[in-house]
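Asker: Chain by chain, the residues:
Number of protein chains: 4
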Amino acid sequence: MAGNSYGTLYKVTTFGESHGEALGGIIDGCPPGIQLDFEAIEVDMARRKPGQSAIVTQRKEPDSVQFLSGIFEGKTTGTPIGFIIPNTNQKSDDYSHIKDNYRPSHADYVYDQKYGFRDYRGGGRSSARETASRVVAGAIAKQMLPEIKINAYVSSVGPIHLETPYQELDFSKIESNPVRCPDEKQAAIMEEYIRDIRKQGDTVGGVVTCVIQNVPVGLGEPVFDKLHAELGKAMLSINAVKGFEYGSGFSGSEMKGSEHNDLYNPDGSTKTNLSGGIQGGISNGMDIYFRVAFKPVATIMQTQDSLDNQGNITPMTGKGRHDPCVVPRAVPIVEAMAAIVLADFYLINKTY
Amino acid sequence: MAGNSYGTLYKVTTFGESHGEALGGIIDGCPPGIQLDFEAIEVDMARRKPGQSAIVTQRKEPDSVQFLSGIFEGKTTGTPIGFIIPNTNQKSDDYSHIKDNYRPSHADYVYDQKYGFRDYRGGGRSSARETASRVVAGAIAKQMLPEIKINAYVSSVGPIHLETPYQELDFSKIESNPVRCPDEKQAAIMEEYIRDIRKQGDTVGGVVTCVIQNVPVGLGEPVFDKLHAELGKAMLSINAVKGFEYGSGFSGSEMKGSEHNDLYNPDGSTKTNLSGGIQGGISNGMDIYFRVAFKPVATIMQTQDSLDNQGNITPMTGKGRHDPCVVPRAVPIVEAMAAIVLADFYLINKTY
Amino acid sequence: MAGNSYGTLYKVTTFGESHGEALGGIIDGCPPGIQLDFEAIEVDMARRKPGQSAIVTQRKEPDSVQFLSGIFEGKTTGTPIGFIIPNTNQKSDDYSHIKDNYRPSHADYVYDQKYGFRDYRGGGRSSARETASRVVAGAIAKQMLPEIKINAYVSSVGPIHLETPYQELDFSKIESNPVRCPDEKQAAIMEEYIRDIRKQGDTVGGVVTCVIQNVPVGLGEPVFDKLHAELGKAMLSINAVKGFEYGSGFSGSEMKGSEHNDLYNPDGSTKTNLSGGIQGGISNGMDIYFRVAFKPVATIMQTQDSLDNQGNITPMTGKGRHDPCVVPRAVPIVEAMAAIVLADFYLINKTY
Amino acid sequence: MAGNSYGTLYKVTTFGESHGEALGGIIDGCPPGIQLDFEAIEVDMARRKPGQSAIVTQRKEPDSVQFLSGIFEGKTTGTPIGFIIPNTNQKSDDYSHIKDNYRPSHADYVYDQKYGFRDYRGGGRSSARETASRVVAGAIAKQMLPEIKINAYVSSVGPIHLETPYQELDFSKIESNPVRCPDEKQAAIMEEYIRDIRKQGDTVGGVVTCVIQNVPVGLGEPVFDKLHAELGKAMLSINAVKGFEYGSGFSGSEMKGSEHNDLYNPDGSTKTNLSGGIQGGISNGMDIYFRVAFKPVATIMQTQDSLDNQGNITPMTGKGRHDPCVVPRAVPIVEAMAAIVLADFYLINKTY
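Chains as they are written, first to last, in the working numbering: chain B, 73 to 424; chain R, 73 to 424; chain W, 73 to 424; chain D, 73 to 424.
It is worth saying that the hints were derived from the structure and are not from the lab. Wrong hints could be hidden among the right ones.
Copies of the same chain look alike in the list, so a pair counts if it works inside one copy or between any two.
To be verified - Here are the simulated lysine to any residue pairs, SDA-like style, with alpha carbons at most 20 angstroms apart: (1) Lys-328 with Pro-231; (2) Lys-422 with Pro-103; (3) Lys-391 with Pro-122; (4) Lys-245 with His-233; (5) Lys-422 with Arg-267; (6) Lys-422 with Pro-104; (7) Lys-245 with Asp-184; (8) Lys-422 with Leu-217; (9) Lys-257 with Glu-111; (10) Lys-422 with Thr-80; (11) Lys-422 with Val-289; (12) Lys-328 with Lys-343; (13) Lys-171 with Glu-145; (14) Lys-221 with Phe-243; (15) Lys-422 with Pro-288; (16) Lys-245 with Ala-200; (17) Lys-422 with Gly-290; (18) Lys-422 with Ile-106; (19) Lys-422 with Gly-105.
Construct the complete structure from the given sequences, taking the supplied hints into account.
Answerer: This is the structure:
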């Protein structure tokens with residue numbers, strides 16, 4: 073396996089399966105002298121954690137991070153930051169039913185085909201638990217860039233959409249409800265919908281919108297490493313993501329140039345922002361915003377046909393934890409990956 | 073500037089502005105012994121070229137590629153393939169009106185801010201002409217992987233959508249019409265729409281769908297370098313792209329798990345393919361398909377306000393070439409980037 | 073800081089200071105299915121450890137490695153192998169005398185200049201203790217390549233040289249004496265010399281010779297990433313290394329072509345091997361051998377002038393541990409880095 | 073093949089065989105706004121060129137570089153600089169005798185084994201002609217860093233050594249004689265020696281010393297990417313190099329710590345400089361100096377046994393060009409690679 077690192081100068085490498093002794097990672101490239109707010113890191117860890125309310129999975133997952141290096145007297149030293157997140161609950165018996173069975177729309181089958189070998193306990197590296205390490209690296213990236221404001225929220229749950237433009241939303245309300253939708257009315261409808269899905273033993277997808285404010289002009293590279301291309305890759309690397317669009321996105325493809333062009337104000341800002349804060353791959357100082365589509369997670373509490381490793385179709389019923397809608401928990405992961413991408417470009421583009 | 077390379081083991085590096093002496097690139101990592109079909113390369117170059125019909129730009133752009141190394145007696149030698157594409161039409165006078173002016177929704181402003189310096193002739197590295205080098209590298213990648221079938225086509229032009237699923241389309245008809253839509257009826261409507269846009273001096277966006285068939289199980293890496301994350305980055309690095317979705321995409325976010333899960337056949341294939349041929353970031357042997365959204369290009373023949381570098385808003389009218397819909401020309405570029413991504417994973421995953 | 077990773081497909085990233093809670097690293101790219109011999113890993117760890125005999129430092133450094141991921145039922149799973157090596161002895165008081173002082177020929181001064189900040193306890197990332205993580209990664213690389221034989225030994229201590237060619241040495245005797253010199257007579261002289269240096273409170277340098285056997289033809293790349301260029305970088309990245317030569321090395325620069333050329337045997341092997349097993353950057357199947365020069369370590373027990381951070385020259389006497397000759401301990405580190413380089417090329421060149 | 077790029081942020085990628093249409097390369101990452109001195113580039117190209125005097129090869133090799141992009145009105149634009157160096161003399165008939173024969177100590181055999189395929193004309197990518205592209209990239213890197221002084225010279229030819237320390241030499245005399253040795257007496261002896269070697273139809277190796285002055289404190293990374301480790305890799309990537317040492321080098325391995333330590337002056341400079349300007353992998357502001365050992369080139373005009381691809385030993389006599397001592401021509405290549413390494417660290421360490 074390769075590809076367990078992200079970034080060029082702010083480089084994050086992660087390790088760990090959901091059922092090993094610990095997860096963790098190394099952040100290489102964090103500048104020295106940053107006074108770390110450890111509580112803020114724990115807050116982001118808690119936001120990612122399952123079992124936060126009745127609408128999400130009840131599994132307890134204590135995510136306390138231990139920093140092993142790169143920090144001295146509370147400040148980053150510029151050396152690599154190594155950290156671990158112990159797995160306190162490593163019982164493997166819940167997974168015996170999938171040892172020889174490939175669950176539909178899971179990575180079980182491709183893992184066996186690719187590696188000839190599979191740690192069947194909890195999904196191995198495919199487990200969403202891997203994202204805990206991303207949240208740590210993102211939380212530190214955020215603290216490296218205190219002027220940047222990154223706010224993500226749930227804008228759709230299944231067929232229920234929040235149509236309000238982000239400019240009219242109060243981001244301070246994102247954390248006021250378990251679906252992380254800043255519109256309280258819509259949040260209540262979404263929550264009700266998820267409760268219903270839960271009762272059905274089913275799951276549902278959704279969309280996270282992310283808004284990045286106070287980005288200086290000039291981040292990103294104009295050809296292959298466009299800022300939105302890196303953001304896109306970062307988001308698509310999150311489990312269950314099926315789509316990414318920024319600025320006008322797919323709806324922009326239906327527009328005419330005369331409608332889509334963002335006319336300038338004398339100060340270089342633009343009257344509209346269908347461009348989504350990025351021109352030719354480079355930030356233009358306007359708000360960057362994008363949407364990330366999540367499919368429903370594959371583990372459902374209903375009975376479905378699975379395939380065993382002898383080629384037999386056998387019915388299987390999901391056991392244990394049930395996460396009817398993973399999208400609210402994905403909010404801090406989207407923010408973390410956005411922060412990592414920005415930190416990397418800050419260093420590459422010498423803006424830091 | 074950085075970021076002019078793509079790939080790890082099949083690595084493509086490009087250079088060249090639209091108005092320098094030549095564009096070109098280097099392909100590092102192409103295996104030895106591949107008998108090259110140079111005509112096939114020229115065909116892809118011609119497909120990308122502007123001025124192919126009345127509905128697209130009339131600018132003549134002779135794109136004959138000259139290979140300078142890495143090929144001996146018609147076969148690749150395993151050494152880097154250097155190539156150039158001469159710019160035969162380098163007159164700069166067409167661009168005098170933008171020397172001191174920032175066109176709306178172009179990269180002019182961010183370039184000046186970022187580099188303190190701008191080659192105003194033809195957009196510099198932001199020019200779509202840079203993609204000619206990608207098409208060369210992609211055409212060779214395709215020949216490296218003869219068993220893989222990559223077919224892209226236009227599935228939307230502005231508000232006109234081809235709703236037919238790709239399975240019901242005849243890909244051999246893609247090149248039968250200038251919009252590159254395999255459904256002839258829909259193609260005619262799209263063509264008519266573009267003609268109308270052209271008359272208005274306006275532009276329009278659209279969507280390219282790409283289908284990749286005969287991919288073996290096992291390409292891609294399960295964490296950051298997921299196959300679809302790399303495909304997404306590659307597509308988002310193409311000029312004017314605003315969104316990427318694969319498999320069920322954004323519509324998958326509205327579905328329930330019980331609807332979305334792809335149940336297995338005994339041979340490991342799946343009955344449905346909402347996953348889009350990728351599970352956990354790794355190809356599962358089913359068709360890979362994705363959609364790429366293009367915004368309308370910013371250069372319109374209407375008068376619009378621009379910003380000059382003294383902070384004055386001044387009206388500007390587009391001159392010279394007019395490309396009312398760039399989406400058909402993007403089809404070979406989408407295919408090329410897909411081929412480059414696959415070639416890279418073939419080498420990384422040692423499937424080659 | 074950057075540059076805490078080594079390798080492209082067998083990628084090792086390390087973290088940790090000598091006085092943090094733990095050192096550690098991540099090995100990304102190790103193939104699945106390798107049955108690990110954990111005792112062999114501990115043996116290499118023990119060989120690197122200080123305090124192994126009277127001639128080396130007396131500091132106790134218990135180097136027990138804990139693997140946290142990437143291993144299941146004793147076999148590698150193909151996922152990243154995360155590991156930590158706890159620092160059990162983290163007392164910082166020994167270092168108070170260097171808090172504001174720059175020791176001669178240490179990295180103290182450049183660290184303060186570069187980072188504006190220094191974790192003065194034990195040298196930070198400059199500490200030789202960082203190499204413990206390299207030894208873990210190298211020990212696993214060796215097990216990935218069981219057919220390759222890597223043997224390093226001490227061929228010089230200060231002015232005392234072992235002139236015998238490696239072909240006439242019995243590598244099984246390397247570990248039979250504390251200087252790791254396979255010639256017992258010469259070893260005894262070296263040992264006596266080091267004892268004398270120890271009494272003087274001084275230190276001395278030396279040379280490690282490394283021989284790699286059973287390498288297949290074809291590892292390495294012919295231009296920038298020549299096999300010996302990577303080996304050279306890997307060796308020069310070890311603390312205190314001042315020089316690297318392979319095959320005929322510096323003495324080859326005094327020779328004529330007619331003397332230096334290695335004539336072929338009919339099977340493609342060569343009668344002589346002044347080339348050192350590498351032609352044009354690519355292994356040719358003959359033994360690879362190279363020499364690595366180590367300077368004397370800078371910490372001596374004599375009084376020397378140091379510089380304080382106010383610009384005052386002040387006398388300073390080394391305290392605590394005393395390592396009169398670090399070269400024997402460097403033997404397993406040289407082997408580890410060689411194994412990491414080879415493992416990486418095995419994967420890049422698809423020989424594995 | 074991989075490995076045709078060097079550098080992370082100042083990234084040089086080269087292509088081209090000695091007998092293709094052209095060599096060339098791409099420099100990605102050169103900052104914008106550098107006013108280029110094209111004559112200085114041609115001077116370095118001329119220094120590398122064979123056939124400069126009676127003591128070196130007589131082959132004519134016109135090395136005029138053509139820049140295709142990245143330069144506008146004489147200044148770098150920040151976009152990639154593409155360039156080609158046409159091969160005007162592409163006759164292949166001189167190489168017919170080596171088509172099926174492996175010359176001793178050439179890369180012929182390993183190429184055939186590795187790639188199953190060989191462009192036998194002129195050594196393919198192993199040809200020293202590839203270094204012309206490095207000289208272009210290095211010449212631009214030098215202009216990016218005008219304050220840095222890089223001077224390389226020949227300090228040994230075969231058994232004839234210039235023992236004078238570099239501090240006592242007049243670098244302005246390096247180009248005053250064809251061996252590029254700044255000591256005129258020693259140069260004359262070396263020249264005479266090479267003439268003699270030439271008459272014998274033989275070749276001889278030598279050593280290039282390189283001195284880099286005015287480097288700021290802080291370039292380099294303390295662990296794997298030490299400044300001297302990168303310099304070492306860069307030098308070892310030059311054809312025919314067998315060894316690299318910096319500062320005290322191999323002779324430092326014979327010294328005691330009390331002799332080797334460089335004591336400070338109050339301003340942070342050191343009284344001696346056995347460290348060679350680098351502490352813990354990071355430049356300390358003192359002169360950086362290193363030595364590079366070159367073996368004699370393998371092509372001699374005497375008859376030697378070669379191996380044919382049927383496994384027969386057959387006598388072969390070198391034809392055509394004869395380069396009795398390649399070391400003087402290597403001087404600009406050593407300087408170029410040093411400049412490339414420094415430029416890269418300037419960008420990574422944000423000193424530029």
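Asker: Take the hints in turn and mark each one as holding or not.
Answerer: Evaluation of the provided hints:
1. Lys-328 with Pro-231: Classified as between: cross-chain Cα gap 10 angstroms, same-chain 28 angstroms, threshold 20 angstroms.
2. Lys-422 with Pro-103: both (12 angstroms within a copy, 12 angstroms between copies)
3. Lys-391 with Pro-122: within (16 angstroms within a copy, 51 angstroms between copies)
4. Lys-245 with His-233: This pair counts as within: shortest intra-copy Cα distance 17 angstroms, inter-copy 38 angstroms.
5. Lys-422 with Arg-267: Classified as neither: same-chain Cα gap 47 angstroms, cross-chain 46 angstroms, threshold 20 angstroms.
6. Lys-422 with Pro-104: Both, since 15 angstroms and 14 angstroms are each at most 20 angstroms.
7. Lys-245 with Asp-184: neither (44 angstroms within a copy, 38 angstroms between copies)
8. Lys-422 with Leu-217: So Lys-422 and Leu-217 pass the 20 angstroms test inside a copy (13 angstroms) and across (17 angstroms) alike.
9. Lys-257 with Glu-111: neither (30 angstroms within a copy, 61 angstroms between copies)
10. Lys-422 with Thr-80: The answer is both: 13 angstroms in one copy and 14 angstroms across copies each meet 20 angstroms.
11. Lys-422 with Val-289: both (12 angstroms within a copy, 18 angstroms between copies)
12. Lys-328 with Lys-343: Cα proximity of Lys-328 and Lys-343: one copy only (17 angstroms, versus 39 angstroms across).
13. Lys-171 with Glu-145: between (46 angstroms within a copy, 14 angstroms between copies)
14. Lys-221 with Phe-243: Only inside one copy: Lys-221 and Phe-243 sit 11 angstroms apart there, 46 angstroms across copies, limit 20 angstroms.
15. Lys-422 with Pro-288: both (12 angstroms within a copy, 18 angstroms between copies)
16. Lys-245 with Ala-200: neither (26 angstroms within a copy, 42 angstroms between copies)
17. Lys-422 with Gly-290: both (10 angstroms within a copy, 16 angstroms between copies)
18. Lys-422 with Ile-106: So Lys-422 and Ile-106 pass the 20 angstroms test inside a copy (17 angstroms) and across (18 angstroms) alike.
19. Lys-422 with Gly-105: Cα proximity of Lys-422 and Gly-105: in one copy and across copies (17 angstroms, 16 angstroms).
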